[in-house]
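**Student:** Protein chains in written order, with the working numbering: chain E, 5 to 315; chain X, 3 to 334.
Keep in mind that the hints were calculated from the coordinates and are not lab data.
On a predicted model such as this, the values are computed, not experimentally measured, just so you know.
Note that beta-carbon positions come from the ideal geometry of N, C-alpha and C, so glycine has one too.
Mixed in with the good hints there might be a few duds.
As the list claims (entries may be wrong) - No farther apart than 16 Å at their CA atoms in a straight line, the calculated lysine to aspartate or glutamate pairs in the EDC-like style are these:
#	chain 1	residue 1	chain 2	residue 2
1	E	K17	X	D229
2	X	K164	X	E140
3	X	K233	X	D218
4	X	K233	E	D18
What the hints assert, rightly or not - Where chain X lies over chain E, by a calculated footprint (3+ residues, C-beta under 8 Å):
#	segment
5	29-36
6	86-96
7	99-111
8	263-275
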Amino acid sequence: MAKSRSIASRVFKDRAFLWACLVATNVAIVVLAVLLISIFWQGWDTLSWKFITSFASRKPSEAGILAPLMGSVWVCTICGLVALPLGVGTAIYLEEFAKRSWFTKIVQTNIMNLAGVPSIVYGILGLTAFARMFGAFGTNVDDAYTIGNEESFFFLRIPFGSSVLAGGLTLMLVILPVVIISTQEALRAVPSSLRSGALALGATPWQTVWGITLPAAIPGIMTGAILSMSRAIGESAPLLVLGGLLLVFNTPTNLMSDFAILPLQIYNWAGRPQDEFHAIAASAIIIQLCVLLFFNGIAVFIRQKLQKPLQ
Amino acid sequence: MTSPSTSSDAPLCDLTQLGRPKSVSARTWRERLIVGTLAIAATFSIFVTTTIVVVLARETIGFFEFPDVSLVEFFTGLEWNPLLGAEKHFGIWPLVSGTLLVTVIAASFALPVGLISAIYLSEYASPRVRAILKPGLEILAGIPTVVYGFFALTVITPLLQKANPFLETFGGGDAPIAFGNYNAMAAGLATGIMILPIVCSLSEDALRAVPRSLRDGAFALGGTRFDVSVKVVLPAALSGIVAAFLLAISRAVGETMIVALAAGGIAQITANPSAEVQTMTAYMVQIFLGDAPATGVEYKSSYAVAATLFVMTFVITMIGQWVLRRFREEYD
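One chain only, chain X, in its complex shape:
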């Protein structure tokens, strides 16, 4: 064993002050007790996951036992209207489509902006600029999502509506583009702002983990800063960046308060960003805030939606971890 190297002048802790139990066996038992307690704490997380799965599965099965619900309709139906109309339809696709529309808008804003900012912070920015930008991003990351929802509703939507006269002149046709008080665009942009710090800081971590020697080598071969950062460092950090993207996307899929405030409440299949859409999370909010009886089919349907959401985000997270493991470039 190598001799312990002490770096600081004063030792961190005086070992004689640690309060030794009298006998070795008492000490061993105390030790086992502590480690056992810690192990139980670690098992708690497994218990949490199991409970989530069991609760969602049990209630979802309960939902499918209702007479007017069918598994086939749930996965293939294009209509979702449990709360209105004489005939109730439980097809998940309108909610999935609303979620995807908001997520696509959020991702097409946050992923490029976040990645380019990350490259700038990691490869170009001077320490002084970083010292200003990083806390700014951290503040952005700490803002509660309900604040972004409020921002979407009171700032982004009115701004988008300023474009309405212009859009009415040039747009039109079957699906007129005009922003109402609730629309997918505002919710998507606000969600994009929310995930921007995640994309940026995780991508930056991945870029900074690329060893210096790669950059030095590329510069020595005559590469410009652009060549070095985009053609050498970026590919080397790709697994981490893809994982960051996937994490951000799963956040956008599961985002609740922004869409509940700004996206509206009409479950419909559309690719029109000015349309009102309902996401899976917004539907759950509607049910849990509403007065649907806890034993009714409407109430139970929210569990089936939650299970779908859980499976979607779980799959995205698993793909992210797989990408990290499988495509990690090791330089040593």
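In isolation and in its complexed conformation, chain E is listed as follows:
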């Protein structure tokens, strides 16, 4: 008798836990739904083509996001161009070439730690290292060293100041650990029999990596790269430290241009008390979410279509 009661109580516990599970899981879904609905509710009316193609303004009805949108494109392109080769290279070295030594162990632990550093700290690093270059070239912007002329695309000024180049490099620091870790996971998923096969046929280690391992790992690497780029698009704290909230009335023309980025423009508008600004902040969020959804969509597509089982 006692036994059957204990079974009853265990079954009851099982049922109760299942209900707790359903509630907890639904919380996440409900929150996501409320978030998206509330943002569309607030921002749909003020969203228009004119909103995307006009510059900032003191009047919310005339303000637009062209400058921050193009700023985001510039900064994220620079970030990707530096972070992806550097991150993938590091991961290849750690996974395919490095011998297990104290040095590799330190590098690995260090990368995990870098992934946990708050992004605002990277902003301070970017401000000191890229924007001011540790003060080694003086602090006055006017007597900075310049390379090339201002008309050209690769005009350089040292120190970089709060330019798109400094912004892109700062974001690069933020996403670098993410790129490295996801690439390492993609490389680890390639079965070692493929490598052994190539080596047995007389390929050198690098030929094995370039011809066999990398092509097999490319879908995983690309998924990780796209997800880290979508992180870069949404990251705003480090660039806030770097340049503050700038009102920019032109799109970047060279590497030294001032810039605004979309998330910071959202922060700027969301932080004001008037409802009109909240509305256009919500409109800007809709654009931002569309860009992110596009990126995540590509990542999901790659994962579903290109990833063929290798084992």
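Following the hints, put chain X in place on chain E, whose structure we already have.
**Tutor:** Frame of chain E, contents of chain X only:
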């Protein structure tokens, strides 16, 4: 050496197309050059960490050299008001307390909900349900934090304020509970929503890594699904789950945009979730957006705050890695 097993029908790559250099020594040199370049790339991450430490240390030392700043006050002082008042006080505790309050609120929402969702996804859900829930969580994970800040400000806070008349009737006393336009609760909840996907997906990874045989054994002994998942699988995955929790907490500690938008700007020591608090990150935002001169003591104080933040998150991350290494259960 075992013979290479080819699984797919077509070879992945034709080795004759790889473009061989003519001589063996040229090939060796090319090889060394490439590996050397890759090694330099790998060293870059060490360089980044070193620079962070050096920059923070240098500027923090500069901060403590100011006459009205003392190391003792910084670590024991209960007042932080560099921007107002005639007498400036630099005691870090109000900022730490604000950060902890927001983090505790976030964690007490996200850790249980995230863990239970993870157990559901890993042990209960059918593949069809997973196929719907996982992308939902991924979307939640990809939303920029500034959006959560906006959500806290325009949705969560007004909702909390609906409870104000009720709270005023029953609460009261010395510290009345009524939600203002900025409060720790809204910021904490939004931060909790932000870290929820991290808790959930990392815990789920840990749970799924537990071998099937353990579950089969527990079921064979007559365990219910609850017994199996909570009494067998959960303890086996505990190290991974604790590491996931710690990672999520360190994210909450370092979160900036949500608290800058929704938590307010008063640095005070309080456990009242309806109060306005300032976190370490929000203070840094205030300084870098403000017009404090770059050589002044207020400006330099943000570096000392950043160093404190860096040390806190570093310690949390290290504990997480230690837990993973030390308490990992190996089943093979």
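**Student:** Run every hint past the structure and note whether it holds.
**Tutor:** Do the hints match the structure? See the list:
With a C-alpha separation of about 9 Å, the suggested pair K17(E) and D229(X) falls inside the 16 Å cut-off, and the hint holds. A threshold of 16 Å between alpha carbons decides the hint, and for K164(X) with E140(X) the separation of about 31 Å lies outside it, so the pair is violated. Simply put, K233(X) and D218(X) have alpha-carbon atoms about 13 Å apart, close enough for the 16 Å limit, and the pair holds. With a C-alpha separation of about 12 Å, the suggested pair K233(X) and D18(E) falls inside the 16 Å cut-off, and the hint holds.
Coverage of a stretch by a chain is defined here by at least three residues with a beta carbon nearer than 8 Å to that chain's beta carbons; for the segment 29-36 of chain E and chain X the count is 6, and the condition holds. Figure legend: the segment 86-96 of chain E, annotated as covered by chain X; annotation consistent (5 residues with Cβ-Cβ distances under 8 Å, at least 3 required). Counting residues of the segment 99-111 of chain E whose CB falls under 8 Å from any CB of chain X gives 4; the rule of at least 3 is met. For the segment 263-275 of chain E, the stated coverage by chain X holds: 6 residues have a C-beta nearer than 8 Å to a C-beta of that chain, and at least 3 were required.
In this structure, the one hint that does not hold is number 2.
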